[in-house]
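Colleague: Residues per chain, in single letters:
Number of protein chains: 2
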Amino acid sequence: MDVISENRCFGGVQGVYRHPSHVTNCDMTFGLFLPEEAEQGPVPVLWYLSGLTCTHENAMVKAGAQAWAAEQGIALVFPDTSPRGEDVADDPNYDLGKGAGFYVNATQAPWAAHYQMWDYVAEELPRLITGNFNVDEDRQSITGHSMGGHGALTLAMGLPGRFRSVSAFAPICHPTAGDWGRKQLGAYLGQNEDMWVPHDATLMMRAEGLDIPLLVDTGSNDQFLDYLMPETLAEAVMTRRLPANLRLQKGYDHSYFFVSTFMEDHVAFHAEALYS
Amino acid sequence: MDVISENRCFGGVQGVYRHPSHVTNCDMTFGLFLPEEAEQGPVPVLWYLSGLTCTHENAMVKAGAQAWAAEQGIALVFPDTSPRGEDVADDPNYDLGKGAGFYVNATQAPWAAHYQMWDYVAEELPRLITGNFNVDEDRQSITGHSMGGHGALTLAMGLPGRFRSVSAFAPICHPTAGDWGRKQLGAYLGQNEDMWVPHDATLMMRAEGLDIPLLVDTGSNDQFLDYLMPETLAEAVMTRRLPANLRLQKGYDHSYFFVSTFMEDHVAFHAEALYS
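Quick mapping for you: the protein sequence lines, in order, are chains A and D.
As numbered in the UniProt record's numbering, residues 1 to 276 make up the first sequence, in order.
As numbered in the UniProt record's numbering, residues 1 to 276 make up the second sequence, in order.
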């Protein structure tokens, strides 16, 4: 594993690291914020999954999360959103291929060779991080934005027992029914829609539910509301009578200005679960 | 004036605006954060001057200042660092020309036609902002990073009575003596070094002093310490017996991870002056 950069940040260290990935079959880069407390012993960790077009870097520099993670003594992981490299298949559109892995294991050509983002985020990267840094594998929570909110929700429901809490900023809630989802799930997983179900938060909520605390924020002026469909997840959560906090935030849009505004709430929400 | 974007952010609005500038003789773009309180009446304002290579955008998305400005009910202005446009003179090096205006009024060819950044930041942009937004011209403070810290310090000392407080992150403290300064001041202002004095914070501190509160943070691991020369400003401040808070922060470097870490302190410092 190569150290790309390490910067002192809020008393801790914001690092960027690169490693050969066996599951995506290419080099992968991720950001990791370790609070000062990690010098003394293992700290809990919050995963932040990013949205379309992002790398590991966007949220790391724009979401303002380190301030609150430092306050709570929590590590932050910022994975990339897709495999990278010249020999990795891509698509000219922003919403397929590089920067658009959708946190699934692709089964279809040409994607299957590298697009194994579920296994990367669910298995390989957690092992790498808990094996190399002072991070407590028994205290993990997860959040994400947009496509990353979709990833956070589906990982939390698909890996029961793994996370102590889950939240999302403007998540894609029902990708099997919308333009941010049908194209990509079809490309990566093929046209048998049964294979898509584990990657649709609304369908998973209806089928499996969730037994950890849930917080979701979406902006009432989000320019992509028709793609996100927060109403479908809300209906599924309420039908299940699950304790959850689903908020529509007046006037906010899809940007990092929205994410950063509510980051303090999300980190505090996860801290409560991680320290309970 | 054109609205480029307006995003809801921490209860207020992060806007980006473009306007024809008479002093720089080109279109200029700036960022303005208005807290929620600006809907009710004029709010105090903190100027943030950026460093080499930056536009209006870098600090606006990476410094995390809006969280604290919203908490304090303070507006933030993020000016650009130079004139822009195809007919604006430039230099292939990152530290001269576009992105490197050094907050001076150039007198030399080819720079003088557009590089009038002192007048832009000291006169034209304040008038534009106080004339068009709910910002209180009697309650202004100023900060900045690196070249922008130099700008904040020299503007504060060159315009007595204008600002209620001044701070800086890793400022260039003594540009007439270093590689971040001699080349640029020579190019913009000519080789008569008497003309450089108003644009050197250490020389101005020795000659004029300062009668408002001062806070300066610099990282002990800043990779540009030899260019910044914090020791020269510290010596000048202490020799004058001025009340000031000059801090060297252990382990921090020159990045926005450093700036964002101490932004809360700086905004709180300015708030105390702006609300007293």
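A hint or two may mislead.
Copies of one chain are not kept apart here, so a pair can be met inside one copy or by any two copies together.
[Said to hold, decoys possible] Result set (BS3-like, lysine-lysine): computed pairs, CA atoms no more than 30 Å apart in a straight line:
#1 K98 x K250
#2 K62 x K98
#3 K183 x K62
Because the hints were derived from the structure by calculation, they are not lab data.
Colleague: Are the hints correct? Go through all of them and say.
Modeller: Verification of the supplied hints:
Taking the shortest Cα distances, K98 and K250 never come within 30 Å of each other, neither inside one copy (32 Å) nor across copies (38 Å). Taking the closest pair of Cα atoms, K62 and K98 come within 30 Å of each other both inside a single copy (20 Å) and across two copies (24 Å). For the homomeric pair K183 and K62, the shortest alpha-carbon distance inside one copy (29 Å) is at most 30 Å, but the shortest distance between copies (33 Å) is not.
In terms of the numbered hints stated before, the structure departs from hint 1 and from no other.
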